[in-house]
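Asker: Please build the complete structure, drawing on both the sequences and the hints.
Numbering (my numbering), first residue to last: 5 to 435.
These are calculated hints, taken from the structure and not from any lab test.
A quick note: this is a predicted structure, and the numbers were derived from the prediction, not measured.
All residues carry an ideal CB built from backbone N, CA and C; glycine is no exception.
One or more of the hints may lead you astray.
[Unchecked claim] List time: in silico DSS-like cross-link candidates among lysine-lysine, alpha-carbon distance up to 25 Å:
1) K263 to K152
2) K416 to K337
3) K403 to K342
4) K178 to K97
5) K232 to K262
6) K152 to K262
7) K152 to K337
8) K166 to K73
9) K166 to K234
10) K166 to K192
11) K166 to K262
12) K263 to K234
13) K342 to K31
14) K56 to K73
15) K423 to K342
16) K166 to K184
17) K337 to K31
18) K403 to K423
19) K192 to K178
20) K342 to K152
21) K403 to K378
22) K234 to K192
23) K195 to K184
24) K195 to K166
25) K184 to K232
26) K152 to K31
[To be verified] Distance ranges between label pairs, derived from CB positions:
27) P435 to R356: 26 to 36 Å
28) E115 to L419: 49 to 59 Å
29) E115 to K234: 53 to 63 Å
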Amino acid sequence: MTQFTTPRGMNDIGVEEMERRLWIQSKIEPVIRSYGFRRVEPTFIEHLDTLKAKSGEAILQEIYYFKDKAGRDLGLRFDLTVGMARMVANDFKTPEPIKLYAISPMWRYDEPQAGRYRCFWQWDVETYGPTEAYADAEVISLGLDVMKSVGLNATVHVSHRKLLEGVVRVLGAKTEEQVKRCFNALDKAQKIGRDELNQLLQSAGLPAESSQLLVDLVYSRADLDGLKAKLGEGVLRQVEDALRELDVLWDELGSLDKKQSCSLDLSIVRGLDYYDGIVFEGYTEGSNLSLFGGGRYNNLTAIYGSRHLPATGVAGGIERLMLALEQVGVFSKLEEQKPVRVFVANTDEQTRRDAIGVATALRRRGIVAEYTIKDWPLRRQLSFAGAGSYTHALIVGRKEVSTGVYTLKELKSGLQVEKSLQEILDMLTPP
RNA sequence: GCCGCAGUGGCGUAGCUGGCUAACGCGCCGGCCUGUGGAGCCGGUGAUCGCGGGUUCAAAUCCCGCCUGCGGCCCCA
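Answerer: Pasting the structure below:
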């Protein structure tokens, strides 16, 4: 029995998993940087008030919070947007647009289940300054490119909070509460069927006819023009700002060559209630877990500082991405192309010094090289190298030292070649 | 917060209609093997059976509570 375990919902990241995470990061980070975003790291621990300011008291039960030794109320961040918004809202030096990203962990006190942990990582990209939908198009395009970089084909489902709000209000939702319940119902549309959605909308306060109309709108998955055609004059006037933004978005997505990967979907709401404009979620084939999502939150920085900055952003969960990649078999392909790791074996006490010299030469060329740090015979050294993560063994014995010709063994196949150190260095040097 | 399933050496399991010293495979350590790993054989290491309580002459086994893991609901990423 293990006496000391990790806290509920917390997982150690072992060697194999870390290799995968590093691989993911090496794929997605260059994409994000190529769009001009620059990396930051907001503090992991915030004042509890800072965290509460964003999402209200209700968020408390999801926060890890505690008092520090001076009695201050602090909490672990539950997303990256809080910290970023706080940073930019008090920064008056940087000209707009401010484009930032982070790839970092956050914490939520939730019941753990499939694809959900109490500590999880996100890649998160945020643009502060522009009100134009150009910025939304940019982060959507970036999200699609990030997925592509790890080998996933994604599609983005787009909606607009003001459009949704206008529609449900015209259809009969009177109060803030009723609008919220309608949103909540729409959010579930993919999981439940037409009938259940209809019921939920009606219990949220929509009259039967309106509810049926909305259900049809949601499931018809019409494009922008189709949607306009279906909305009555009264509705159109209510939501014309939102529709104009979506027009701009679609046009811009066309210029970015991403239009074919995007579609309108009125069931996209995004739970967080600070979203107030375009919202979207990215899915990959064969998975109904959303792999990234985001949208516009124009009023968030006003909470944290006097610099008012409209904002839009996109974020995706690293753990969910790993689940999706596992299903597609990306990682097993990675296993096959193991990076070069050399074990430099000696044959006796005397050649140990020479083996260290050879390993050092390899290391200077950027090749991963080790020698034995246990007092082991050659047999045992090779046995260790063969069982581990090494691709090659390089044998340094008296014969090799005197002739300058070394034996390089490819461990998987067992094939050996005899070459000079220089030739071996050239052979193994990473590109 | 609610519901379902599960928990036996580091890992995977057997035992679970109560009854010898809890069994097996993998791993790890060593030997056969003083310049060539993966195979084989031999030996070793390693479990108060998740924790606590109860029933019983006797509990890994039956009952209750808790914890943890997996999955679902709510919510979310």
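Asker: Hints first: check each against the structure and report whether it holds.
Answerer: To see whether the hints hold, each was checked on the structure:
no.	hint	in the structure
1	K263 to K152	15 Å, holds
2	K416 to K337	16 Å, holds
3	K403 to K342	30 Å, violated
4	K178 to K97	43 Å, violated
5	K232 to K262	22 Å, holds
6	K152 to K262	12 Å, holds
7	K152 to K337	16 Å, holds
8	K166 to K73	45 Å, violated
9	K166 to K234	17 Å, holds
10	K166 to K192	19 Å, holds
11	K166 to K262	23 Å, holds
12	K263 to K234	22 Å, holds
13	K342 to K31	16 Å, holds
14	K56 to K73	21 Å, holds
15	K423 to K342	22 Å, holds
16	K166 to K184	12 Å, holds
17	K337 to K31	15 Å, holds
18	K403 to K423	13 Å, holds
19	K192 to K178	21 Å, holds
20	K342 to K152	22 Å, holds
21	K403 to K378	22 Å, holds
22	K234 to K192	22 Å, holds
23	K195 to K184	18 Å, holds
24	K195 to K166	23 Å, holds
25	K184 to K232	23 Å, holds
26	K152 to K31	9 Å, holds
27	P435 to R356: 26 to 36 Å	31 Å, holds
28	E115 to L419: 49 to 59 Å	52 Å, holds
29	E115 to K234: 53 to 63 Å	40 Å, violated
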